[in-house]
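Asker: 30 is the number that this note's numbering gives to position 27 of the sequence shown; each next residue is one higher, with no gaps.
No lab work stands behind these hints: they were computed from the structure. Don't take each hint at face value.
[Claimed, not checked] In silico DSSO-like links for lysine-lysine, alpha-carbon gap of 27 Å or less:
1. 312 - 355
2. 1046 - 1088
3. 64 - 816
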Amino acid sequence: MDEDETVAVRLIGDLRVVHRGQVVDPRAVGGARCVDVLAYLAVNRNRDIAQDELAGILWPKDRPQSWNAALRGVLSRVRDTMELAHLPAGCVRSRGGNVRLSLPDGLATDIEMLRRLCATTPGSSVTGARRALELTSEPTLIGVGGAWADDVRAEVEQLRRQAFEMDANESLKRGEPTRAIASAEALLILDPLRESAYRAVMAGYMTLGERGQALQAAARCRLALDRELGTAPSAETEALYLRILRADEPAAQAPRPADDVGDYFVGRERELSAVANAVGRADRGRGQFVVVTGEAGSGKTTIALEIMKRARAAGAHVLFGRCSEEAVMPFEPFVEAIGCELDALSPSEIRKWLEVNGTDVLRLVPRVARRMGETVPTRTEGDERVAVMTAVFEWLTSPVRSGPTVLIVDDLQWSSTTTLAVLRYLVHASEQTRLCVIATVRAEYADDTDVRATLSGLTRNSGMHRVHLGGLSLAEVGALVEAEGSTLDPTALHERTDGLPLFVVSLINADQSGSDATFPVSVAESVAQRERLLTPAARGLLRVCSVVGMVSQRLVLRSAVDDLDDVAFADALDELERHRLVVETTSGSEIRLRHPLVQEAVYEGISGRRRAQLHTRVALVTERLGGATAAEDYARLAYHFSRGLDTERRRAADFSRRAGDRAMALGAYEDAVVFYTKATEQLTSRGDSAARCQMLIGLGRAQRKSLDSAFRDTLFEAVAMARRLGDTQLQVAATLANDRPGTLYAHIHHDPDRIDTLLEALHILESAGHADGSAAALLLAQLAIEQVWVADSGALRDLLDQSIELARSSGDKDALIAALFAVLVVLRVPSSADVRESAYTELMGLLDGLPSRRVDPLVLTWVARHQIEYGLVVHARQTRSTLTEARVGRDPELAWMVANVDFGIDLATGRLRRCDENFDALRDVPSSPAVSYSYGRLMGQLFALRTLRGDMGDLVAAASDITERFDVVPTYRACLATAHVDVGNLEAAVELVDWYDRRRIEDIPVDNMWLSTIATIGRVAAQVGNTEVCEIVYDLLAEHTGKTTISWASIFGVVDHHLTELAIALRRFDLAAEHLEGALSEHQKHGFRGWLAETSYLAVLLEARRDGRPSTQAVTRARRLADDVGATAVRRRVDVVATPPD
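Please put together the full structure from these sequences, using the hints given.
Answerer: Encoded structure:
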C-alpha cells in the first residue's frame, strides 16, 4: 500500500482526516474544540482515555459545571468528522467513562508513519528519511495548545533531526555529496552543536574536492563547541580534520582577491554626511527615514554598504535586507535583515533577545526557531500582520540594543504592497526611537503607484530625508581610475559616462579585459561584451546565476550545472570573478551577481525555451536539496516552477498554493492574493475541482483581508463551484469566508445574494445532521448581521439565541465570541437592551483572557462603542488605546470607525471644542463597496455635535439631499426640522413636523435607529409646540427610561432628558420635574458633561414655563456648565429663555 494512502489522520500541518479521497477539516465540522479532542485521541489512540482527562485538555481551568454534556457534544462532532471521511462508525468509542480512537487495519496517523520511517533498516533508510522530511515540512498540531501538544511537537522535531542525519549519512554512502551537505546543514540549523552533522558537511565537501569549504566547516564546529560548551571536538571529528589537512588541494585556479574594480569607494562625502547626521539624530531618540534615489548603476547599494561599514564603526546596530524582483517572499527585507542578525548571535544571545522581545519575530524566521528548538507561535484568527509589524518594530527598537539601530532596505522598488505597509508603520511608529531606516529606490520606479504613495505619505514625517545620487564628479572618476591603475583618460571617461559609477567601472573592465572590441555604449553592452569573452562553461554558469537571481546558494549552482566536474566548476567560478561579474561571499556559501543590471542583461540574453529549462532545473535541484521541506522556501520554488517547463505546471500550482498559505499565516495578504491567483491559473485541470475550489476560497479570504472588493465575487464563485461538485464542506467554508461586518455598521443596505448563500449553507448542515456545531453558530451570527436592516428584531434575536447556544454547546470559544459580537452589532433596539448588556458582559469575560492584539480590532471597536453608551468612558478609552495604528491604519473603513469612537468619547465627556476641531477629519468618509450615498454616515455625528455646539446651518444647506432620503431613513425628516428650528426657520420646521401622525410614527421600523429617531421627533415636536406628536412620542419613550439614546458612538442624551422636554411642552410640570431629576442624575453619573449642560437648560426652561421666569441660580448654573464645555448652542438657548421679552 502506498504510504500516503495509509495516513488517515494528519497531525502535521492543519489537522485533517483523509480517507478514500475525502479530506475533512474537523475545525469546519466542530470548531477548535473538535480539533483539540480529535488530535489528543489520535496521538493517544492505543489506549483508553478517561473523559475527565479529555475535559482537562479542553478546560485546563474554569471547567464548566455541565462539562459532561459539553464534552459529549464535542465527541459527537469528532464522530461526524470521521464519518464524513467514510471511516467506520465505531472509530470513536465511548465505554465505561473512557474514550478511544481506533483506525481500521492498514491506517495510521502521520506521526506513526513518521516513527516507522525513521526506524527503517539501513538499506532503505535514505528513502524513509526523505519521506520523513516531506511529512515534517509544516508545523505540528497547528492551532492546538497545551503542554501535551508541545511534547508532541518536540518528538516530531527530534524525528525530523533524525531524518536529516539519516539522509546526510546515507547520501554520502550513495555518492550524493551535495544532498548530504544540504541535509547536514539543515540539521545544524536545528542543532548547531551536532558534531556528526559537521562531519557530514566536511566529508561532503571533501568528496566534491572543495578542501577549503571542508576546513571552514571544521572551524565552525570547533568555534560552536568552544563558545557554547567549552569543549573541543571529539576524537572522531579531529581525525577527519587531520585527514583534510593532509589532503592535497585540488588543481583549480585560486580565486582572485576581492580588490576588483567596483570594490573601491570614492566620493559621495556630502551624501554620506547627510546620512551620518540622520543616524546621529536617531541616536538622540528622533527616528529617521532616509530615501536614497538614483538611476540604475548610480551606486545606491554601494553607498548603502559604505553606510553600513561606517555606522558599525560608530557603534550602531546595522541590519540589511533587500527586495528582489524575482521572488515575492512575504516581508522579504525584514526576513533577511532579522534572520542575518540572528544568525550572527549565539544561542544564548538569541534566547536573551527572545526573553525581552517575545517570540513573535520567529514567525518571520522559522528556521531560527528550529535551530533554537523553539516553537513558532501558532496561527490565530486575528490579524497576523499586526503581530508581524509589532514584532519587527519591537525587535528593531528593543531595549537590549545599546546604541542606535540602522535598517537598510535595498531596492525598495521591488517590494510588495505588504512590505511597503510594514515599512510605513515602522517609520511612523519609530518617530520617538533610536531607529534610522534607509531605503534605496531606483529613480525610474519612484513614480510607481505603491512606492509613490508610501514615500509621499512619509514625507509628512519630520525625520524624512531624500538623498539623490547623481553622477560622480570628474575628480571622483579620476580617483577611481587611479585606484585601479587604469590608463584611461578620466576626462574622456567622465564625458562618455556622465559619471555613472557602474558605467565607469564597466569601461575600466572592458579596457582591462584586453578585448579588441570597441568600447560599449551602455552597461548592458558592456556585460554582453564580457559574456562573449567567457568560456562556454563560465557562460553557462553565469546564465544559471541570472536565472536563480541576485544571490545563489553555492550548492544549488553546483548541482544545477551537473555537466561540469568539480575542477571545471571551480575554474568557471574563478573566471566569472575575474571578469567582475560575480563575487563569492566570505563564507563561500553564496555567489552574488555584481549588480542587478548584470542579472537583467544576462537573463534577457537567454532564449525563452532555454530560460524555462533552466528555471525547471533550478527548481528541481532546490527541491532535491531540501527546499520543499521549509515553508519559507515555497515562494522561491513557486517562482521557478511557474517560469519553467509546461510539464511542471502541477508543481507550480502546488507551490504557489503553499506560498499563499504561508503568506496568509504571516498576514502578508496582498502577497497571498498574488500566489493564490497564480495557483488558480497554473492548475492543469481547467474545470471544476476540489483543488480549484479550495484555491478560490484561499484567494477570496486573502482578497478580503487585503481589502480588495473582488473577494465577494471570488467567494460566490467558490460557493457555486462547491455546489456543482456536491462538496458541502467546501460550500460551507466558502460561505463563511464571505463575511464583511465592517461595511454594514451604518449602511442601510442588505445583500440578498449573500443572505441566500447563508440560508443555503444552513440548510446543507441541517440536511447532513450537522446543524448543531460551531459552523452553524457562525453562519447564524453572520446571517443576523446581514439582515440587520431588513429582518424583524424578534427574528434576529431568535437567530442569535440559536447561535450562542450552538457555540456554547460546541465548546468553540471563537464561535461564541463571534455570536456575542453579533449581538452587539444587531440587537440595538430597546426591547433587547437586557440581552445586549448580558452579551457584552459575557464577551468581556471571554476577551479578558486574551492579549488585546489577538482580538479582532473590529470587535474592540464595537466594545468601545458600547462602553460609551453605558457611560463606561474610562473603559472606552482603555479599549481605544489598544487600537493602534498598526491594527487599523491599513483599513480606511475601520480607521474611520475608530475615529468615530474618538469623536464619541470626546462628545460624551463634553470636549466639544475638540469635537469641532476634529470634525473635518470625519468628513473624509471612506468609499463603501455596498452603497454610493455617504452623507448619512455623518448625519448622526454632525447632528449630535450641533445640538450642543455651533449651529445646524450645514444641515439646512443639505436639505435637498436629506429630503430625497426621507422614505429610506425615517430620522432625516425630524433632523431637518430640528435644523430649521435652530436657524430660526420655524415655518419650515412646523410643516415638516405636522406631517407626523400616530400611524406614521407607529410605522417607523423598530430597528437600531428607532430610539434615536423617536427621541429626535419628540424633541422637535416640543420645540415647535406640536402637542399631538408630543403625546404620541411621550407614550413610546416612557417605557424606556434609564436608556441612553445614541447614534452609533455619538451620545444624544438619556431618555429621561427627552421625556423632560416633552412633559414641559405638554405642561405636565410635575412629571417634567421628576424626569429632570433622573436626567441630571444619569448624565452626572455617566460623565456626559455636554448633555448635563443641555439638561440644565431644560431646568431653566421648566422654571420659565411653570413659574413665568427662571431663577438666577438655574440660569447661572446652566450658563456655567455650557461655557465649561463649549456648548455654544446650549448657551444660546439658555440666553433666549433667560432674557425677558420686550
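Asker: Where does the structure disagree with the numbered hints, that is, which hint numbers, in rising order?
Answerer: Violated hints: none at all, because every hint is consistent with the structure.
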